[in-house]
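**Q** Now for the letters of each chain:
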Amino acid sequence: MSVGFQAVQWNRSKIVYDSIMVGLTACYIGGYTLIAHRLAPAGKAPDWGDLRIAVFGSCAFLMITIILCIGPLARLDRRFLPLLANRRHLGVFTFFIAALHGWSIVDWFAVRDSLPDLVTELTTPSNYAKFIGFPVKALGLAALTIFFVMAATSHDFWLKFLSPAIWKWLHMAIYLAYGLLVMHVALGLMQDNRSPVVPIVLGLCFATVTTLHILAAQRGRSSESEEKLPSNGWIVVGPPSSIPDQRAFIVHAPDGERIAVFRDGDKIGAVTNVCAHQNGPLGEGKIINGCITCPWHGWEYRLDDGCAPPPFTEKIATYPVRLNAGVVEVSVSPLPPGTPAALSVPYGSFV
Amino acid sequence: MRLAHRKFHRRAWPVLSIIVTLGVILALWLRPPPDQPEPVQPAASAFSSEVDTGSREENALFQEARRVFPIQRIGKRYAEAR
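Read top to bottom, the protein sequences are chains A and B.
Sequential numbering from 6 applies to the first sequence in the working numbering.
Sequential numbering from 9 applies to the second sequence in the working numbering.
Be a bit skeptical, because a hint or two may be false.
In silico DSSO-like pairs for lysine-lysine, Cα to Cα no more than 30 Å straight-line [as the list claims (entries may be wrong)]:
hint, chain 1, residue 1, chain 2, residue 2
1, B, Lys-15, A, Lys-173
2, B, Lys-15, A, Lys-165
3, A, Lys-320, B, Lys-15
Which stretches of chain A does chain B cover? Using the computed rule of at least three CB atoms under 8 Å from a CB of chain B, they are [to be verified]:
hint, stretch
4, 206 to 213
5, 294 to 302
Hint data in this document are derived by calculation from the structure and do not stem from the laboratory.
As the structure is a computational prediction, the values presented were derived from the model and not from experiment.
Ideal Cβ placement from N, Cα and C applies to all residues, glycine included.
Using the sequences and the hints, build the whole thing.
**A** Rendered as structure tokens:
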């Protein structure tokens, strides 16, 4: 959270995260180069132009695979949440590695005075009618363009300017970019390189990402199907003790949106499950120092009224809650953001 | 995520996985056979008056002319092979 513009809000966690990210990337690039030299025929060093294309390309592909695994992993297991908090740094860094791969390809042609060949390949319409022989560089260029747009709009300024919902739609284009990248490898490297390693690694990466995303989506869907239907505009949550202390119980409004019902000691409040920052799942967060804290980036809101603590100004919608015959119920109608709606429950209700 | 994002996410991944899996299988299935060693065609510039036949310079030009992009125009070669 910030009340003013800052290019990067550095903190210890981000510095550690970025140091590990840069260190591992350097290890990969160094290791790949070393192995390529070891495997090269005696007395013949591998061509630096070819090596550069391979090492940056494979590194960017693996990084984007990891990025796409972080989201569903964090939904399936809370231990991965720290990876999610700084995922944007990894995304921007991946764009630069992918751009180095693209630049290496252009440079490969440039040093051989063959840039017209590259342009011809990309601009010959008949090439696009083929499957084997499709201009794979065009697929890579399309994916790189998506990465550029995502990296350029990754700052919170753009998040606020575009609104979280539109920003999220824009950044969901990474799914398309990943599909393009897989085909970029399948129709490019996999056609030339007869080693079984390429299709195996490609298949494993894509299968892992796809399985994690489908599992995470399935988990959300199954919790929705167990929902208790609202009666008279109120959704039954259960006895106060069914809500874990300083955590939330998530229910679904008839329109499908999620409501997070939090308990902090004897106080119960309901807020929208959507964080004002990046639409993160507030209900998967917890109450820290009296504030609901988003699990994604730590944005905070008071349980009483859904307002961020001063000096911050963000507000989220709250929902009326009531205790009916010892059972907590939440209204399906949201209140305007920042409206006090929390309820104090008598101690006996927990016994 | 909002409901619309969740709905899109739930539909996008199965569709994407089917399309990309089919694409990868097809790419593997239609993969052209490995290249046969081609008879070497000397580069025209190797026979210019400035480079002696059989010299180190000619050999260097000869190798350069044979260099192809590491992931080069498979389609072209495939079409030629067929």
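**Q** Hint by hint, say whether it matches the structure.
**A** Here is how each hint holds up against the structure:
1. B:Lys-15 with A:Lys-173: Holds, because 13 Å separates the two Cα atoms, which is no more than 30 Å.
2. B:Lys-15 with A:Lys-165: OK: B:Lys-15 and A:Lys-165 at ~23 Å, within 30 Å.
3. A:Lys-320 with B:Lys-15: 25 Å, holds
4. 206 to 213: The restraint on the stretch 206 to 213 of chain A holds, since 3 of its residues have a Cβ under 8 Å from chain B and three suffice.
5. 294 to 302: violated (count 0)
Checked against the numbered hints above, the structure breaks only hint 5 and satisfies the rest.
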